[in-house]
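Novice: These are the residues of each chain, in order.
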Amino acid sequence: NAGVTQTPKFRVLKTGQSMTLLCAQDMNHEYMYWYRQDPGMGLRLIHYSVGEGTTAKGEVPDGYNVSRLKKQNFLLGLESAAPSQTSVYFCASREGQGYGYTFGSGTRLTVV
Amino acid sequence: AQSVTQPDIHITVSEGASLELRCNYSYGATPYLFWYVQSPGQGLQLLLKYFSGDTLVQGIKGFEAEFKRSQSSFNLRKPSVHWSDAAEYFCAVGVLNDYKLSFGAGTTVTVRA
Chain L
73 NAGVTQTPKF RVLKTGQSMT LLCAQDMNHE YMYWYRQDPG MGLRLIHYSV
123 GEGTTAKGEV PDGYNVSRLK KQNFLLGLES AAPSQTSVYF CASREGQGYG
173 YTFGSGTRLT VV
Chain Y
1390 AQSVTQPDIH ITVSEGASLE LRCNYSYGAT PYLFWYVQSP GQGLQLLLKY
1440 FSGDTLVQGI KGFEAEFKRS QSSFNLRKPS VHWSDAAEYF CAVGVLNDYK
1490 LSFGAGTTVT VRA
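Sequence order for the protein chains is L and Y. Each residue of the first sequence is one higher than the one before, starting from 73 at the first, in the working numbering. Each residue of the second sequence is one higher than the one before, starting from 1390 at the first, in the working numbering.
Everything labelled a hint here was simulated from the structure, so no lab data went into it. It is possible that part of the hints are untrue.
[What the hints assert, rightly or not] To spell it out: a stretch of chain Y is covered by chain L in this simulated footprint if at least three of its residues, at any positions, have a beta carbon under 8 Å from a beta carbon of chain L; those stretches are:
| hint | region |
| --- | --- |
| 1 | 1435-1446 |
| 2 | 1477-1486 |
[Stated by the list, open to error] Listed below are the simulated PhoX-like cross-link pairs for lysine-lysine, each with C-alpha atoms no more than 20 Å apart in a straight line:
| hint | chain 1 | residue 1 | chain 2 | residue 2 |
| --- | --- | --- | --- | --- |
| 3 | Y | K1438 | Y | K1450 |
| 4 | L | K143 | Y | K1489 |
| 5 | L | K129 | L | K142 |
| 6 | L | K129 | L | K143 |
| 7 | Y | K1489 | L | K129 |
| 8 | Y | K1438 | Y | K1457 |
Quick caveat: nothing in here was measured; it's all calculated off a predicted structure. Note that the Cβ used here is the ideal one computed from N, Cα and C, for glycine as well.
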């Protein structure tokens, strides 16, 4: 039982490059989330999805796009990376309202 | 506005001593509450949760938390900490009809020998 798997675990990008972070869950959860974690800032919600084919903006959506074409996958894209996007990114999923999150182990992204 | 507050940014405790981490929330509806732990370089792991019923809930790793509606609090406790409890702890709150949880800013726990 893998839970929530994030790939890649580490990545270094140059300013202006693009990349996609993949989140996959094998628990048949409806809801999925992307957070970023920065020192002293806690967890900030970037985007989330309440079902296949749906997405919604969180607190800090600018510079990011997401897609949920399949229920088990939630992709986070950076079209033109900026140093301010250097962060640790966490994906999470949950079965529905009233349930807790299951988190992935994170992706550490550095933009130089 | 809905909010979750963890008043203590950093707590240092001696190994074997007791630990209490504070969490306060401000929500109009009845919340459901969680505590998560994050070890260095790791993701967040669920320690315990409260939905309804008994206001004292037990979790993993010897942790417990008590929901006090009158104080809008959900404090986490452990009677005797171990060096492996050094980590960052997050309180999270949700309400029905909201798709997402709100997280506190976290409390970092340092355990000294």
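Novice: Hint by hint, note whether the structure agrees.
Specialist: Comparing the hints with the structure gives:
Beta-carbon proximity to chain L at under 8 Å applies to 3 residues in the region 1435-1446 of chain Y; the threshold of 3 is reached and the given coverage holds. Taking a C-beta to C-beta cut-off of 8 Å, the region 1477-1486 of chain Y contributes 5 residues in contact with chain L, enough for the three needed, and the coverage statement holds. A C-alpha spacing of about 14 Å is found between K1438 (chain Y) and K1450 (chain Y), which places the hinted pair at or below 20 Å, so the restraint holds. For the hint linking K143 (chain L) to K1489 (chain Y), the alpha-carbon distance of about 17 Å falls within 20 Å, and the restraint holds.
The hinted pair formed by K129 (chain L) and K142 (chain L) meets the criterion: a straight-line CA distance of about 18 Å does not exceed 20 Å. With a CA separation close to 18 Å, the supplied pair K129 (chain L) and K143 (chain L) stays within the 20 Å bound. Proposed proximity of K1489 (chain Y) and K129 (chain L) is supported: the alpha carbons are some 11 Å apart, at most 20 Å. Restraint check for K1438 (chain Y) and K1457 (chain Y): the C-alpha separation of about 14 Å stays at or below 20 Å, so the hint holds.
When each numbered hint is compared with the structure, no violation occurs for any of them.
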